[in-house]
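K.L.:
Sequence:
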Amino acid sequence: MNIQLFQSVWNILMRIRRGWRDQAPNQNQNQNHQQQNGVARAGSDMMGSGSSQPDVVVVTNDLTDSDNWTAARLLQQLRREGKLNCKIVWIVEPRQVLLGVAISEADQLTCRGLIEKYFLQNMEKSSRPKESLKRLLRGSLTRDEIDNTVDDLDDRKMLYNAIRPDPGTKEDALLHARLMAYDFLEFLRSSPGGFKDDGVDVFVYEDTLDTTEPAVNLKMHNLHTLDKIQMPVNLKVHHPEELISRSREELEEHKAIMQEESLDTRTTLLRKWYRQCIDTQREVCDRKEIRTLRLVLLRQTIRQADRPLYLGGSSMRLLQQLLEKRNVTNKLTCCFQAGTFNLANNLFSNQFNIAMNPNAAKQVFERVDQFRKFYVVPTDTTLDVKYSLKGLGERDRALERRCLGFNYHVDPESLAQDDIRLAKCQPKDVVMADLTAFLCAIQSFLSLPHGIPREKAIHKPAAFTPKQVLQFEPDGKIEAYQIEGAKPLVLDLVKLLFGENESGKG
-3 MNIQLFQSVW NILMRIRRGW RDQAPNQNQN QNHQQQNGVA RAGSDMMGSG SSQPDVVVVT
57 NDLTDSDNWT AARLLQQLRR EGKLNCKIVW IVEPRQVLLG VAISEADQLT CRGLIEKYFL
117 QNMEKSSRPK ESLKRLLRGS LTRDEIDNTV DDLDDRKMLY NAIRPDPGTK EDALLHARLM
177 AYDFLEFLRS SPGGFKDDGV DVFVYEDTLD TTEPAVNLKM HNLHTLDKIQ MPVNLKVHHP
237 EELISRSREE LEEHKAIMQE ESLDTRTTLL RKWYRQCIDT QREVCDRKEI RTLRLVLLRQ
297 TIRQADRPLY LGGSSMRLLQ QLLEKRNVTN KLTCCFQAGT FNLANNLFSN QFNIAMNPNA
357 AKQVFERVDQ FRKFYVVPTD TTLDVKYSLK GLGERDRALE RRCLGFNYHV DPESLAQDDI
417 RLAKCQPKDV VMADLTAFLC AIQSFLSLPH GIPREKAIHK PAAFTPKQVL QFEPDGKIEA
477 YQIEGAKPLV LDLVKLLFGE NESGKG
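When you line the sequence shown up against the numbering used here, it's residues -3 to 502, in that order.
In case anyone wonders, no lab produced these hints; they're calculated from the structure. Don't take each hint at face value.
[As the list claims (entries may be wrong)] When the alpha-carbon atoms are kept at most 16 Å apart in a straight line, the in silico EDC-like pairs for lysine to aspartate or glutamate are as follows:
1. K483 - E390
2. K130 - E112
3. K473 - D376
4. K284 - E182
5. K113 - E167
6. K420 - E390
7. K327 - D150
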């Protein structure tokens, strides 16, 4: 990542003003530069002090999708080049799991076809694929609905996979989160160039109980939020992120377990499998232990910071907890990937991060005036930016593997055997919601790289309706990033991460 990567994309340097409203008249200033390379930049100064950087960045995420890992690599590269000089705290929020029930990609396609056959015949044919995907991902069918509609017993059995099951135990979710945390540590250690970043700590959000116990070393730790999470995804078809980094031997053992007839047997054996994988990764990560993060220490870290920045990409439960104590959030600038102006853009009945804990989101949105600044990057904006993955495999094998698994649905066995590389895949530009949200957040204190047409990301005042859909309000307390101009904007991911002359290697 060279110094040119961070040259300003502005034709006119706007002076820092107190609020976004002072800059609203300039919203259309760069409309005639759509063909040039640059990046979207916000109209206001997020940190409130010009080029001043945050002194601590807190990130919450569940590490499910490739965009989570890409955003982490971006922050790591910024630290490597000295562009971002602050502590970064990653907090991994456990997601609910249900061991032993996942169905294959082939079965998912079969199930979607049956949904279209039995339940979508009156819908326009071109709309059926998206609707069948929605119903399967949501698990929105009921047993009575299926039994009353479908006579064929085999079809019924397959369609039962479109019924959302209850989640598994907390212990299983924490096993999953712990394994993902170790995979994430290994990913950070695999940074191109062998960069060892001691300025990034990883936490697992395991326990909502506050404590006043003495401070401990803040390396790998835990909190807990599972009582509050409402996973909107049908767990039978959730992306298997736990398999992406596994070895061939681990995958063979997993496959054998999934062929066991009894669900109880599968569940018991999978718990053992998780523990074995965790032990393996602990060795890879120099035997770092995952310990409990006391919420009081996180509050203390935020209080002691001058310019803390919070980047949210999971539920708002942790923010809800931070609001429970005084003098914690008043200095906190928060940028959350959440909300939408149009629910038609979403696969679920609400934007995903809100749907995970609607009550927490509601309370946070009602109290945004207790933050120093509060921004959202809505689904509408994340869909407006796409990323070219060309050349990524030549620079970052670990990140390529995550993208192949999530964006191209390459099966874990092929990933472990190194049979498929991005260079051999059909090129496509992909949406990376969390990465786009990160770019929106950090552009207030960094000049961002080339790659996006010169359009402004603007803040517009917004508020949430009772159904938690964004709408513009002149006196809204929430500011929403939106991108103007030609869409989608396409960013070269390799250039973004590694420099101007690094893409195009196949």
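K.L.:
Give a verdict on every hint.
P.N.:
Outcome of the hint check:
no. : hint        : result
1   : K483 - E390 : violated (28 Å)
2   : K130 - E112 : holds (11 Å)
3   : K473 - D376 : violated (19 Å)
4   : K284 - E182 : holds (11 Å)
5   : K113 - E167 : violated (39 Å)
6   : K420 - E390 : holds (12 Å)
7   : K327 - D150 : violated (58 Å)
The structure fails to meet hints 1, 3, 5 and 7 from the earlier list, while all remaining hints are met.
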